[in-house]
Amino acid sequence: NVTRTTETPNNTYRNGYVNGRNIERNYQVERDNENAANGLILGILLTSLVGLIAGAFWYFNQNDAAVETNTPVESPVPVNT
12 NVTRTTETPN NTYRNGYVNG RNIERNYQVE RDNENAANGL ILGILLTSLV GLIAGAFWYF
72 NQNDAAVETN TPVESPVPVN T
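With my numbering as the guide, the letters of the sequence shown map in order to residues 12 to 92.
No lab work stands behind these hints: they were computed from the structure. All C-beta atoms, glycine included, are put in the ideal place defined by N, C-alpha and C. Be careful, since some hints might not be right.
[Said to hold, decoys possible] Okay, the calculated beta carbon distance ranges per label pair: (1) Gly31 / Leu60: 39 to 45 Å; (2) Ile34 / Ala65: 52 to 58 Å; (3) Gly54 / Asn74: 30 to 36 Å.
With these hints in hand, go ahead and build the complete structure from the sequences.
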């Protein structure tokens, strides 16, 4: 009991080919979107890591020695009259 269709074999092949191309295109678009999202997340993580390392390097290499500030002392100058 095989039901016959009125479609010609060429039409069936063409519809299958177009359907397969559409499925493959949708798969590639989804894959590209996922790769872009993963790349963005990876870029943000790597940039954050580099920023943290640079900040830690700067913070731990600061000079902790106390800076002596010499304030000038003004003394009155004798006036010769």
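key: Hint check, failures only   = 2
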